[in-house]
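Going down the list, the protein sequences come from chains A and B.
Per this note's numbering, the first sequence starts with residue 1, numbered consecutively.
Per this note's numbering, the second sequence starts with residue 1, numbered consecutively.
Computed cross-link-like contacts, DSSO-like style, restricted to lysine-lysine with a CA-CA straight-line distance of at most 30 Å:
id : chain 1 : residue 1 : chain 2 : residue 2
1  : A       : 520       : B       : 6
2  : B       : 87        : B       : 6
3  : B       : 74        : A       : 520
4  : A       : 84        : A       : 137
5  : B       : 7         : B       : 230
6  : B       : 14        : A       : 520
7  : A       : 53        : A       : 118
8  : B       : 73        : A       : 520
9  : B       : 73        : B       : 7
10 : B       : 7         : A       : 520
11 : B       : 7         : B       : 87
12 : B       : 6         : B       : 74
13 : A       : 53        : A       : 84
14 : B       : 230       : B       : 87
15 : B       : 6         : B       : 230
It should be emphasised that the hints constitute simulated quantities derived from the structure, not laboratory data.
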Amino acid sequence: MKKNLKGKFKYGALSVSLTVFVILAAVLLNVAMGVLDSMFDLSADFSMIQTTKIDEVSEAFIDEFNQSGLHVEIIVNGNESEFKKASYDAQATDSGTVSNVFSARRYTYELLQSFLSKSDNIEVHWIDIRYNPQFFKERGITLNDTTFITVYCPETRRSFLIDESVFDDNEYIGLERRIDGGIKNVTSEGMRTIGVIRDHGESITSYLWDLAELNGYNVEFIDLYDTEEISDDISFLIICNPTVTYSSEDIKKLDAYLNPAVKGERNDGDRSLIVFADSDMPQNPLLEDYLSTIWGIRLGSYNVFDPDNSSTVLNVNEPFLRVEYTGSGPSTAIAGTLAEERNYLNLTLGKARNLELTFETNSDGVQTTSLLRTISDDSFGKQIGSVQIDSSNFRDVTREDSDPTGQMTVGAMSYKQGSYDNGDEYGLTSSNVLVFGSTSLMDTYYLSNMAGNTSATSEYMLSMLAFLSGNENVVKIIAKSLISGTLEFGSDVMTVLISSLVIGLVPIVCAVVAVIRWRKRKYL
Amino acid sequence: MAAIIKKELVSYFKNPIGYIVIGAYSLITGIFFVISVISNMQTYMGTYFGTYMYFANLILVALISFKFFSEEKKNGTDTLLLTSPVKVSGLVLGKFVSGAVIFTAATLVNIIYVLLICMFGTVYTGEFIMQMLGSLLIGYSMIAVALFISSVTDNQIGTVAATSAVLLLMFIIDSISRLLPPLIGVPLSYLSLYSRFSDFAIGLFNPAPTVYYLSVIAVFLFLTVRMIEKRRWA
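Here chain A stands alone, though its shape is the one from the complex (with noise of 0.2 Å):
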């Protein structure tokens, strides 16, 4: 008995330590594998945006930051487990539901792991900002109630702001992209200021500007009727189809502004105007005359057409008009990459009128060129207001023989050179004037990638500022989708289909196998 109860103690003893020992080793095994996992990053990517990946924009960008010897902290509102644990999110939707879709959080997450795998001179901080607003005040950081992201350079001590609703548009730009163009922002030296003109009715909401703040790029918004003088400050000034007129005074200043460049008095830099008028834009006409005698370009009186390079797309209520860019020097050097021969990628606009040249070279020394132009010989001009452009008819709308018919032109540039001497410095400088026939170069459905489109308008738009401002070869930051696959069941029917097999197929076939089990060993 009493040797019984001795091997029993034993027996238990053994078998509690054994317990124990396993379940340690299990423990430490595991708390092994957390410490290598945050030291070295273990995980393979399978995942359809590449979590862990920044793709070679952002690499080629952070190259560059990495050499300008600047460092960035990247400081997030949130928590960073959380962050690290999330697997998919919640998110509303136009339709008033709610869809689950990839986390918002796990990909911030690892994005910044990649981020700070590429540099040492980025660091990322999470915070809380309710608990330390000093860690804000120290650097003179002053927040939104939205703000999600803060991009801060200790030593230039500017910071830039990426609002919670970097995610809700995901298909724009992306937060890859926010985060480049942040430290791009911040880090920058010399950053070129863009004046947009509001005053006279004109078209200012643009996703253009967040695109050009993303790219370094400050931008400014100017009351005409207000500005004595358009400051010295200003690089690019933008007009978007004004539906007031233009006063003489009001050209006056727009002339001032262009003429000190090439006056030979000072070194302002270049000036450039850039107009988009298209064919909704009421009679502007000093505006017109402005652009049509002294730069040479006048805006045409026809909508163009060109069958063979239009489309529509189901859904979206914009008509395409694919145009190519002309070969001319300043238009291939403006499209960059995008006239590449081997990458040709053509530019597509909404609906656009058309421009003329009025001289190619004037006295003034003003020398005028074509930048974009439709792509076949059978496009052709529709008189303005003849008939009403829809993505519906866009394509369908035929030519007769009234019509003026061949390429035509929907972008052009005019030019002047002069140089300046002001006893210490001399050099060049130029004044330029950029007319688009088109508003789609700046309209945010266009710069987006949405379905449809190619990122080719905000790289386009991108080129032209870096090829005016004489900086062409920055890295461009535009938009990156972070949009999974879509379903495309064509019909509700189809859907309604699809769905009954998913649920019905299988569980279907395994009562009739059951059924036939059952009957089998009914009768066995």
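Go by the hints and put chain B onto chain A.
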């Protein structure tokens, strides 16, 4: 062990029970798939695998656990098993492998869903394989837990109820651990099967969660062996 596996599989598939279990599981996963993938009109399946599948797997494992050790006790065949020349570890592994085979056969239904989806959109194969791998690992871990519960309970209903409760707890414990101070919260989060799944759900292969699931399987199989051994010599 092979004899145990064969006996278990035959008992599933010679009877309607195996088909009923797989059919019920397919019905549930089908509904979940329609809610989380088809109604979103997106091919992204992270939500489906990340959350919905946990509950589908939980139900499947609870149903399978019905036939583990507690059924043997109910039928009085446990004494026969325990006195047979099969090693206890072989017995436990046999039960586990047969459960895993049923589980794998049931989860293959996802391949049918994906083939259907492929006809109407792009499915990212690598991402899907990772999601399936994660789903299988979490399922096998659940089976190991259920096997252990089955070894300590005396009736089938008790096994199913306890398995469901424990696996549910292993899901919500992740949320609970986040509310607690790190000193308690971090060790507690190790008990959550769900928290380690997020990497697989988004298409990442990470050795750390893989090792975690494998060690959960090993620990619970070991504990089951200890329990059966204890009963054998009691």
